[in-house]
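Colleague: Residue-level listing of the chains:
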Amino acid sequence: MSETTAPRPAAPAAGATTPRPAAPARPAAPASLKKDADSSIPSYPALVYREFIASLVVGVILTVVSVVVQSPLQQGADPSMTPDPSKAPWYFLGLQELLSRVPPITAGVAFPTFVIVGLIVMPYLDRNPARHPRDRKVGVLIFTAFIVFSVAFALIGTFFRGLEWKWYWLGILGK
Amino acid sequence: MQDTGRFQSGMRKAAQIPIEITVQLWKSVFRHGLPLTDRIATRTALTNYWLHAHPPRIRKSHMKFSYTFCLGGISFFLFILLTVTGLFLMFYYVPSVTYAYQNMKDLQYAVSFGIVMRNLHRWSAHAMVITVWLHMCRVFYTGSYKPPREFNWGIGVLLLLMTLLLSFTGYLLPWDQLSLWAVTVGTNMAKYAPIMGPQVRFSMLGSYTVGNATVLRFYVAHVLGLPLAAAIAMMVHFWRVRKDGFSGNL
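The listed protein sequences derive, respectively, from chains A and B. Here the numbering used here is used: the first residue of the first sequence is 1, the next is one more, and so on. Here the numbering used here is used: the first residue of the second sequence is 176, the next is one more, and so on.
For the record, the hints were derived by calculation from the structure and aren't laboratory data. Note that this is a predicted model, so its numbers are computed, not measured. Ideal Cβ positions, reconstructed from N, Cα and C, are used throughout, including at glycine. Just to be clear, a hint being listed does not mean it is correct.
Cut-off 27 Å, straight-line C-alpha distance, at most; resulting in silico cross-link-like pairs (DSSO-like, lysine-lysine) [to be verified]: (1) A:Lys137 to B:Lys280; (2) B:Lys202 to B:Lys188; (3) B:Lys188 to A:Lys87; (4) B:Lys366 to A:Lys166; (5) B:Lys321 to A:Lys137; (6) B:Lys235 to B:Lys418.
Chain A side only, calculated, beta carbon under 7 Å to chain B, not exhaustive [claimed, not checked]: (7) Leu62; (8) Ile105; (9) Ile120; (10) Tyr168.
Derived coverage of chain B by chain A (criterion: at least 3 residues anywhere in the stretch with Cβ under 8 Å from a Cβ of chain A; other residues may be distant) [said to hold, decoys possible]: (11) 261-274; (12) 342-353; (13) 400-411.
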């Protein structure tokens, strides 16, 4: 186990942060599985073990959370008593926030349809073969804008909307 | 003296039997011995029903946690956890406005570990929405949706949609004020569809307002229709991951 001292072929100069080769210079697919610095290992048990550990960690965290934090249960449903504000589940609150700003046909139908269809056809419209985010700035910009807006709207809907869907700063305190 | 020696060797042989049976049992399940060498490990993965969803071998660099963050795997684990806790909850839940809310109270106060199971189901569901969403972000930023994986990205988008719908249909089932009005607000959006709006909403609710018919519809979709659809989509999703190969490092 003296990997640190073993001579490695084509190792960069010690301590030097070698610049990455330009995108076209990289080989398309390193097909060879010959012994090199990045040799392959059997996925069992290494990968299986990691999946097991990940499941265990998530399972333990969720169990602890479930013992400590109670699920909300309000009064029994009463169709004659509309709460104000009525809020959708948090993952739809971005849409509800959008609904309060633009015409309903846009927010309730056009926008969700556009997002779902847009996401599905996106890989066919994206003609840029580069994979690194640095080499596809436009795509990254559009997607990041979508992520930022949807998260921001969901946060606004969750924490900053009170009576009659008016802006309410204290919503963040959960009151 | 001779008798003692025969007795001892007999005992030794007898002591071997449990070990032999254990080895036989192990080999009958895994078809190979302990994964002590690369060859045995690879062959075990290749010839095991549960393990063959994995590639038999994987590059060391592809094991890097900071590339996938295990998000897809965690999402799948949460789906399994939700199935198990959901089955437990089904024993105590009647999809009817007459009983649903009382069933929630029973889970809270009368059923052993009922409230923990309900909490686990609810928080896992929230977690799954987040991990599936983050998984999509990871796949986007690593450019892993590019050929030959465009189709599998589409399946993934459908899986995200199904995750949201699973969560939304489950939201109604406790039948408290929170569920009733969240689902009322949520389904009101469908009303705005250009031509069939009111009809779409009616077929979702089974009525003009959220009521008994809605609880039954959402329940059937939640425990049967959507999980089945999601499971089928997942089979295709994982199979394509396996066949298209791991997208690897940037």
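Colleague: Is the interface hint satisfied for A:Ile105? The criterion is a beta-carbon contact with chain B at less than 7 Å.
Modeller: Since chain B brings a Cβ to about 5 Å from A:Ile105, closer than 7 Å, the hint holds.
Colleague: Are the Cα atoms of B:Lys235 and B:Lys418 separated by 27 Å or less?
Modeller: The given pair, whose Cα atoms are some 19 Å apart, holds under the 27 Å limit.
Colleague: Is the straight-line distance between the alpha-carbon of B:Lys188 and that of A:Lys87 27 Å or less?
Modeller: The hint is violated at about 72 Å.
Colleague: Below or equal to 27 Å on CA atoms is what counts here, so check A:Lys137 against B:Lys280.
Modeller: Violated: A:Lys137 and B:Lys280 sit about 52 Å apart, past 27 Å.
Colleague: Using 7 Å as the Cβ threshold, decide whether A:Leu62 counts as touching chain B.
Modeller: Holds, about 6 Å.
Colleague: Take the segment 342-353 of chain B, compare each residue's beta carbon with every beta carbon of chain A, and decide whether three or more fall closer than 8 Å.
Modeller: Holds: 8 residues of the segment 342-353 of chain B have a Cβ under 8 Å from chain A.
Colleague: Holds or violated: B:Lys366 and A:Lys166, Cα atoms, limit 27 Å.
Modeller: With Cα atoms ~23 Å apart, B:Lys366 and A:Lys166 stay inside 27 Å; holds.
Colleague: Starting from B:Lys321, check that the Cα of A:Lys137 is at most 27 Å away, please.
Modeller: 15 Å, holds
Colleague: Using the nearest Cβ pair, does A:Ile120 come within less than 7 Å of chain B?
Modeller: 4 Å, holds
Colleague: Taking 8 Å as the Cβ threshold, is the statement that the segment 261-274 of chain B is covered by chain A upheld or broken by the three-residue rule?
Modeller: violated (count 1)
Colleague: Keeping to a limit of 27 Å between CA atoms, is the pair of B:Lys202 and B:Lys188 held or broken?
Modeller: 21 Å, holds
Colleague: Count the residues of the segment 400-411 of chain B whose Cβ falls closer than 8 Å to any Cβ of chain A, and tell me whether that reaches three.
Modeller: violated (count 0)
Comparing the model with each earlier hint shows violations of hints 1, 3, 10, 11 and 13; every other hint is respected.
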